[in-house]
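**Q** Given the structure of chain A, go ahead and fit chain B onto it with the hints provided.
So the sequences go chain by chain: A and B. Each step along the first sequence adds one to the number in the numbering used here, with nothing skipped, and position 205 is 205. Each step along the second sequence adds one to the number in the numbering used here, with nothing skipped, and position 125 is 125.
Hint data in this document are derived by calculation from the structure and do not stem from the laboratory. Only a predicted model underlies this, so the values are computations on that prediction, with no experimental measurement involved. Be aware that one or more of the hints could be misleading.
[What the hints assert, rightly or not] Stretches of chain B that chain A covers, calculated by requiring three or more beta carbons in the stretch to come under 8 Å of a beta carbon on chain A:
hint : stretch
1    : 6–20
2    : 133–140
3    : 152–161
4    : 206–217
Ideal Cβ positions, reconstructed from N, Cα and C, are used throughout, including at glycine.
Each chain is listed here by its residues.
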Amino acid sequence: MSMRMFRFDELSKAIVLACTILVFAGLANAQSSARLDDDDDKKSPTPPGLYITPTALANAVQQPLNPGLTNYPNFVAGQAVKAVVSPDGNTLAILTAGMNSLYDSNGVVDKAASTQFLFLYDVAGAHKSRPVLEQVIQRLNAHVGLVWAPNSQTLYASGGCDDAVYAYSNNGTSFVLSAKISLGHAPDGCVSNPANQTGLGLGVEPNVAGLAISADGKTIVAANNYNDSISVIDTALGKVRYEYDLRPYATSGAQNGTKGGTFPYAVVFERRHRLCRLRSRS
Amino acid sequence: MNGAIAYVGSDRDREVVVVNVASQTAGSLVARIQTDGNPNGMTLSADGSMLYVAQDNKDQVAVIDTATNKITHKIDTRGPAYLDFPANTTGAAPTAVAINRANKLLYAVNAGSNSIAVIPLSGRHAFRTIGLLPTAYDPTDVAFSADGSWMYIINGKSNTGPNPGYGFGNFALIQYITPPGGPFPGGNAAESARLLTNNQYQFQLEQASLVSAQVPPT
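Only chain A is shown next, with the shape it has when bound in the complex (with noise of 0.2 Å):
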């Protein structure tokens, strides 16, 4: 597919220079930092008080996420929301999660088109400095969630109002959905239906939003966002073990009311043993 490119680095040097100096004032040296502790260093340059940034990166390179829809050519997916490389550091993965619905030519919701955008690029080898796109596949519904295996075989990308999390697998020329793992709040997913308004409150549908997966990749604990618990699962058996309520009077023994693990949104893992670390640190 074509794919427009915006080179940055034909900028000016002055404004790389710039932006380098910026970054890097607060390293440089005491001296450096002396001069702009100054009175008369301190004024805004603008009016508003705001303080202008320069413009790009050296060497930067935008690519616009354009998901290559045959009746849209022109379209390019709005609210990117989490990258993840892999860990053998050959593949970027980009999940979109926002407002992407197309209207046909009569005026009606495109389904077909109206998803979300799971975007993986080539970033391996020379590929790391102009990622390539690889591949584009789309899903009905996601949020931030977004891990890879540790094989770097499989990525996991949460739904949002699907109330699941889909697995995709490396079948040796593409990733294809390999498992979607219901986390058993809403029957029919993301419908808009008495029956799936089981997060909690007046007609709130389940959200899955952040995922974290173990070091061994056995284990991945989701964050159902609108029910205010984690959902640990098994990743061999595609199954939920079990779901803990975040809540303190729920799991923790409090009395009922009292605030705390509401909204649960990103999740992350501790990569090794807690004991062991502990013990090694003594």
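**A** Chain B in isolation, oriented as in the chain A frame:
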């Protein structure tokens, strides 16, 4: 087993909930760590000893010692201290954090100021923003190449420019009166469809992008 402890950011209650998930059947609470702002993106140090928590509505990254589950530092991501931002100059809105394993610097993605704060984790500038890297509109995340020499910054928005085909005003009216039996019968269904076909609603025009750039040397 690996990965026994999960750190979960509670966006509304301004806390990080620490849960032991080593059991195959049930989780158990380890700690609740109060934060100044709403926790967004988080990352752990390579050895797991430190947790970094971006809080967009406090322009801050909290540094948490995972051995004690206490906050040890609060990093202002608006910019270097010598820029002397007034207290009411807010809105950097850090939404994500990432560590470059090669140079061991922390990068906080300031969605509100179109920048990435560069933060050393050791030395005399440790836990302080030393500079801002400019980004495209509304950056949301950053990742690094395997050798740490290139960075990949994604953003969510763009300057949409004019959208004359959207027909704002007329469009809204047409939508509401069009359904049969609607409150204002007689809507122009054909005109409504024509305007929708333009796909010029502002959110449809916002374009995300990937910027790949060389990590500035230290």
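**Q** Take the hints in turn and mark each one as holding or not.
**A** Going down the list of hints, with the structure as the test:
1. 6–20: Contact hint for the stretch 6–20 of chain B vs chain A: holds, 11 residues under 8 Å.
2. 133–140: Check passed, 4 qualifying residues.
3. 152–161: holds (count 7)
4. 206–217: Held - the stretch 206–217 of chain B has 10 residues with a Cβ nearer than 8 Å to chain A, which meets the minimum of three.
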